[in-house]
Amino acid sequence: MDDQQRELHFNERIARGEVIEPKDWMPERYRKQLIRMMSQHAHSEVVGMLPEGNWITRAPSLRRKAVLLAKVQDEAGHGLYIYSGVETLGISREELYNEFLEGRAKYSSIFNYPTLTWADMGAIGWLVDGAAIVNQTVLAKGSYGPYARAMVRICKEENFHHKQGYEILATLMKGTKEQQEMAQDSINRFWWPSLMMFGPPDKESPNSADLLRWKVKLYSNDELRQRFIDRTVPQAENIGLKIPDPLLKWNAEKDHYDHGDINWEEFYNVIKGNGICNKERMKARREAHENGAWVREAALAYARKQEKVPMEA
Amino acid sequence: MSNTENNLPLWEVFTQKKQGAPYEHAGNVHAADKEMALQNARDVYSRRNEAIGLWVVPTDAIVASTPEDMGPFFDPANDKAYRHPNFFKTPGAKF
Numbered sequence: 001m002d003d004q005q006r007e008l009h010f011n012e013r014i015a016r017g018e019v020i021e022p023k024d025w026m027p028e029r030y031r032k033q034l035i036r037m038m039s040q041h042a043h044s045e046v047v048g049m050l051p052e053g054n055w056i057t058r059a060p061s062l063r064r065k066a067v068l069l070a071k072v073q074d075e076a077g078h079g080l081y082i083y084s085g086v087e088t089l090g091i092s093r094e095e096l097y098n099e100f101l102e103g104r105a106k107y108s109s110i111f112n113y114p115t116l117t118w119a120d121m122g123a124i125g126w127l128v129d130g131a132a133i134v135n136q137t138v139l140a141k142g143s144y145g146p147y148a149r150a151m152v153r154i155c156k157e158e159n160f161h162h163k164q165g166y167e168i169l170a171t172l173m174k175g176t177k178e179q180q181e182m183a184q185d186s187i188n189r190f191w192w193p194s195l196m197m198f199g200p201p202d203k204e205s206p207n208s209a210d211l212l213r214w215k216v217k218l219y220s221n222d223e224l225r226q227r228f229i230d231r232t233v234p235q236a237e238n239i240g241l242k243i244p245d246p247l248l249k250w251n252a253e254k255d256h257y258d259h260g261d262i263n264w265e266e267f268y269n270v271i272k273g274n275g276i277c278n279k280e281r282m283k284a285r286r287e288a289h290e291n292g293a294w295v296r297e298a299a300l301a302y303a304r305k306q307e308k309v310p311m312e313a
Numbered sequence: 001m002s003n004t005e006n007n008l009p010l011w012e013v014f015t016q017k018k019q020g021a022p023y024e025h026a027g028n029v030h031a032a033d034k035e036m037a038l039q040n041a042r043d044v045y046s047r048r049n050e051a052i053g054l055w056v057v058p059t060d061a062i063v064a065s066t067p068e069d070m071g072p073f074f075d076p077a078n079d080k081a082y083r084h085p086n087f088f089k090t091p092g093a094k095f
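Just so you know, the sequences run in chain order A and B. Letter by letter, the first sequence follows residues 1 to 313 in our numbering. Letter by letter, the second sequence follows residues 1 to 95 in our numbering.
Looking at chain A on its own, in the form it has when it is part of the complex (with noise of 0.2 Å):
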């Protein structure tokens, strides 16, 4: 077989609805556009722990405080999980680890704004676990294997990040003025940032076009965005909070909300690498990396020490 007959193949595969597995043949655009879209998300996950450590040491109650470091803790397996599933398409995870910390790999815009106040834990677990909900859960249906499993693993662990968040939302809406008011503003500057987690508008992603045909993706952005806000609007509603969003309404004839515009501009721009945060995370993320290496260099020594050593080929 040529390669010509192998990508008809691998396409009536993907038709078929077959899953994809390491070993089988692949078209090289398609192994690159899942190292790409894979790395990229294990990097958030990565990323992910930093604005929520923040608050930590700050969790006014120790019942908050195991809850937010388990959650953190998740995040990092989660990036173990997807990490795992890119190195199986032929790249190790210290290129992995290389293509970012040089700048080189992105991360989701999101975790370039900073975390300001305790409401803010609760912004994130609703609103930026609940976007990434809605998108793994249709990953985890994605044509590659490793990937798709990746996803079930994590949607399951999801669930506790989302509710966790809506309930310390919950709870402040029902607490002081100040702390309405806190979990308002918070909903405030969280809300747009998290719609631009699922991408740029269907007419701006240049990159879709092959993952919806190789079903990698099955939905495009706009239509997981309308998804995720069709189910959020209401639970705000619930506990009292204001979607900031004047022109957000209810169409009856659509059976979905619709919704003012989003400022793509600022999106790009948070990419571009000008968010509020970029720099310091690019700079926590080299310093975790550079400060554990004597400790990954001194188990090695032990290791060797102890001989009979696995070496990776």
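Every clue listed holds true.
Looking from chain B toward chain A, a few residues come up when the C-beta cut is under 8 Å (computed):
#1 LEU8
#2 HIS30
#3 ALA32
#4 MET36
Far from chain B, by Cβ distances over 10 Å, these chain A residues were calculated:
#5 PRO60
#6 GLU102
#7 GLU167
So the derived label-pair ranges between C-beta atoms look like this:
#8 B:TYR82 x A:GLU21: 29 to 35 Å
#9 A:GLN73 x B:ALA81: 49 to 55 Å
#10 B:GLN39 x A:GLY240: 44 to 50 Å
#11 B:ASP43 x A:ARG104: 26 to 32 Å
#12 B:ALA61 x A:GLU21: 17 to 23 Å
#13 A:LYS141 x B:ALA81: 31 to 37 Å
#14 B:THR66 x A:GLU102: 33 to 39 Å
#15 A:ILE56 x B:PHE73: 48 to 54 Å
#16 A:ARG16 x B:GLN39: 38 to 44 Å
#17 A:ARG36 x B:THR66: 25 to 31 Å
#18 A:THR171 x B:GLN39: 33 to 39 Å
Calculated from the structure, these hints are not laboratory results. C-beta atoms are modelled at their ideal positions from N, C-alpha and C, and glycine is treated no differently.
Place chain B on chain A using the hints.
Quick look at chain B alone, frame taken from chain A:
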């Protein structure tokens, strides 16, 4: 693939979900040695009691069939329907 001195080796992780259940592949972890591999496997794959038992195996030690094997490697089983109980006629009897 790049490999420098400080790359931690890869281990495949198998979990047993409950007593008597088989060990199933869960994923993999990077770790310097056996002990670290077990601890990392616990932290990554059993934060919610998903496992009561863990195996970690150096990835290099695993020998796997390839997708191209799918036909010929497994076809000795294809023409032996008599290995299944429903191949046999057992008129009227209850089993």
